[in-house]
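Undergrad: Those sequence lines, one after another, are chains D and V.
According to numbering that gives the first Met the number 0, the first sequence is numbered sequentially starting from 0.
According to numbering that gives the first Met the number 0, the second sequence is numbered sequentially starting from 0.
Bear in mind the hints are in silico, worked out from the structure with no lab data behind them.
There may be inaccurate statements among the hints.
[What the hints assert, rightly or not] Here are some, though not all, of the chain D residues that point toward chain V, as calculated from beta-carbon distances under 8 Å:
no., residue
1, ASN122
2, PRO124
3, ASN160
4, LEU184
5, ILE193
[Said to hold, decoys possible] 20 Å max Cα-Cα, derived SDA-like pairs, lysine to any residue:
no., chain 1, residue 1, chain 2, residue 2
6, V, LYS140, D, SER126
7, D, LYS221, V, ILE136
8, V, LYS78, V, SER52
9, V, LYS255, D, GLN37
10, V, LYS330, V, ASP211
11, V, LYS254, D, VAL68
12, D, LYS61, V, GLN308
13, V, LYS29, D, SER126
The beta carbon of each residue, even a glycine, is placed where N, CA and C say it ideally should be.
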Amino acid sequence: MTNEELNPIHYPAQRAAKVVLHYLNSRCGSPYKLFELQTVYRVNAEDVADSGRKYRMEISVKEMFGNTVEKCSAEVLFPRGEQQGSPKVQTSCEELLKINTKSQEEALYQQYKTRHSLLSAQNLPDSYGHIEPDMTPFWCLGALASSFVMLAESTEETLYNMAQVTNITQLATEDDRLKFDYHILLHDVVSQEIIPWNLLITWSPPEGVKVLQMKQLPPHQKLL
Amino acid sequence: MLNFVGLSLVVLISAVGVATIERVEYDYYKYHPMPEITNWMDQIQRDYPDVVSIINYGQTYEKRNINLLKIGLNTGAKKKAIWMDCGIHAREWIAPAFCQYFVRQILQAYKTDPKMEEMMKNLDFYVTPVLNIDGYIYTWKDNSTRLWRKNRSPGPGNCTCYGTDLNRNFDANWGTVGISFNCCSIIYCGSKPTSELEAQAVTDFVGSRKDDFLCFLTIHSYGQLLLVPYGHPNFTASNYNELMEVGLAAAEAIKKVHGMNYTVGTSPDVLYPNSGSSRDWARMQGIPLTYTFELRDKGQYGFELPEEQIQPACEEAYSGALHIITYAHDKTFNGAVATAAATLWTVVLAVGVTSTTLM
Numbered sequence: 000m001t002n003e004e005l006n007p008i009h010y011p012a013q014r015a016a017k018v019v020l021h022y023l024n025s026r027c028g029s030p031y032k033l034f035e036l037q038t039v040y041r042v043n044a045e046d047v048a049d050s051g052r053k054y055r056m057e058i059s060v061k062e063m064f065g066n067t068v069e070k071c072s073a074e075v076l077f078p079r080g081e082q083q084g085s086p087k088v089q090t091s092c093e094e095l096l097k098i099n100t101k102s103q104e105e106a107l108y109q110q111y112k113t114r115h116s117l118l119s120a121q122n123l124p125d126s127y128g129h130i131e132p133d134m135t136p137f138w139c140l141g142a143l144a145s146s147f148v149m150l151a152e153s154t155e156e157t158l159y160n161m162a163q164v165t166n167i168t169q170l171a172t173e174d175d176r177l178k179f180d181y182h183i184l185l186h187d188v189v190s191q192e193i194i195p196w197n198l199l200i201t202w203s204p205p206e207g208v209k210v211l212q213m214k215q216l217p218p219h220q221k222l223l
Numbered sequence: 000m001l002n003f004v005g006l007s008l009v010v011l012i013s014a015v016g017v018a019t020i021e022r023v024e025y026d027y028y029k030y031h032p033m034p035e036i037t038n039w040m041d042q043i044q045r046d047y048p049d050v051v052s053i054i055n056y057g058q059t060y061e062k063r064n065i066n067l068l069k070i071g072l073n074t075g076a077k078k079k080a081i082w083m084d085c086g087i088h089a090r091e092w093i094a095p096a097f098c099q100y101f102v103r104q105i106l107q108a109y110k111t112d113p114k115m116e117e118m119m120k121n122l123d124f125y126v127t128p129v130l131n132i133d134g135y136i137y138t139w140k141d142n143s144t145r146l147w148r149k150n151r152s153p154g155p156g157n158c159t160c161y162g163t164d165l166n167r168n169f170d171a172n173w174g175t176v177g178i179s180f181n182c183c184s185i186i187y188c189g190s191k192p193t194s195e196l197e198a199q200a201v202t203d204f205v206g207s208r209k210d211d212f213l214c215f216l217t218i219h220s221y222g223q224l225l226l227v228p229y230g231h232p233n234f235t236a237s238n239y240n241e242l243m244e245v246g247l248a249a250a251e252a253i254k255k256v257h258g259m260n261y262t263v264g265t266s267p268d269v270l271y272p273n274s275g276s277s278r279d280w281a282r283m284q285g286i287p288l289t290y291t292f293e294l295r296d297k298g299q300y301g302f303e304l305p306e307e308q309i310q311p312a313c314e315e316a317y318s319g320a321l322h323i324i325t326y327a328h329d330k331t332f333n334g335a336v337a338t339a340a341a342t343l344w345t346v347v348l349a350v351g352v353t354s355t356t357l358m
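Please construct the entire structure, taking both the sequences and the accompanying hints into account.
TA: Written out as structure tokens, the structure is:
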């Protein structure tokens, strides 16, 4: 019932807005299209009886590779109390979704479908923040896959970013898709923790990213 | 005679030539491991012996020397001071990179920029390029250690985990919010306030000179934020308005450089509540202008900021830091000048009036 206008630069608004980006990246990203939060303009939060807390917002979103920026409206519902589960998101960002990366995606797909050896890569970015240009689409794919996890795990008490892709192993498939086993590290800004996850994903230009399995891993021994 | 002079000149040029060839320029736009940073500090002191001295003010758990660069013109008098530390959190590599850049900038600027020369006369800059040396070295060990945050002291009792979060260990509302008493937690605040040698070093050095310090800047990443005290939601700094005004102006200065937005506010407002931070401790000592800088980026690469971004990140942060430092300086020194000028005018006018009356 309580309905309040939030300060857009304060953390409750920022955390809710980040969730919108996880949603956009998981649904609409590609190895050549990744979205980031630009600005939060307005946020209104309201308790919804028996559901949770709903944030309605005006934000701007930037596509990272092409630098296109679009202003969108979005809604995030965080479940509370009896309700469990991931936040529910709706957005109105249409222009960004129209960014066409199909030809690049096709070229990448063909290259890796016809190669004799399966891709194996580690540490994207490396300790110096470096990613080899031909590995950037796979880092990006990792970011998209991570968005599924970050969306699922987000609450009003978290703020997730993907810290690093630690390992990619391409797996053979019988069908049209490319298949990858990803090890990624998430960083939660609020707890400051580094959380490793394992993701089994498929990707193809027509279907985009599909997450077959996702599993949280125990923390790395060397980080304890 | 001329031939003799000519020969000496040739010999002199050759000597200079050889010296120039042997010296390798330090690359401020790459990340450097600890031994290179230590060598760089020694080199800076050798290059600018009149204005730079190295002070050892503590030891880490693994018994490494914690050193700072004291930079300022030697006037023989007791001087006001600026504090800057980098690398309290090991994985935030852009922070030590910024401290090194900052030192280079002020040393280059004071020779040509009258304002910087004035500040060098009136102030001493105390810059610690890496505070959490053990942690920083650990992040260079291999790929799996890169994201270490805490120091490297062992956990208490039966705890098999390592490290205390140094920025939760200071004696400022210690152990209240935004911390964990679980020694395996990444925000473990230690067994008691200032239990850690690295925090103790800062506390001892700054604490014994607290009235000298105008400004305490502690450099972190990431998030693009300028944080003002306090981290505890129930406490407001007495000069909150001033801190915000100066911080917002610093953020404007930052934005002018490369267009990046830095958000200004207290931790509980713009990030999360926390306690035991060095910034809060410094403010509680009475140091008026205390800020935490969270440098680039906003999560795209996070702690592993690409080396291509070191230069722009440092340039914008320098602009912000310089604004705060200049404000602190002018408030203390130009204020006195303005008062003296006003006094002078008052005397002149009084004399004028008296003269007129007399005439």
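Undergrad: Which earlier hints turn out false for this structure, listed by number in ascending order?
TA: none
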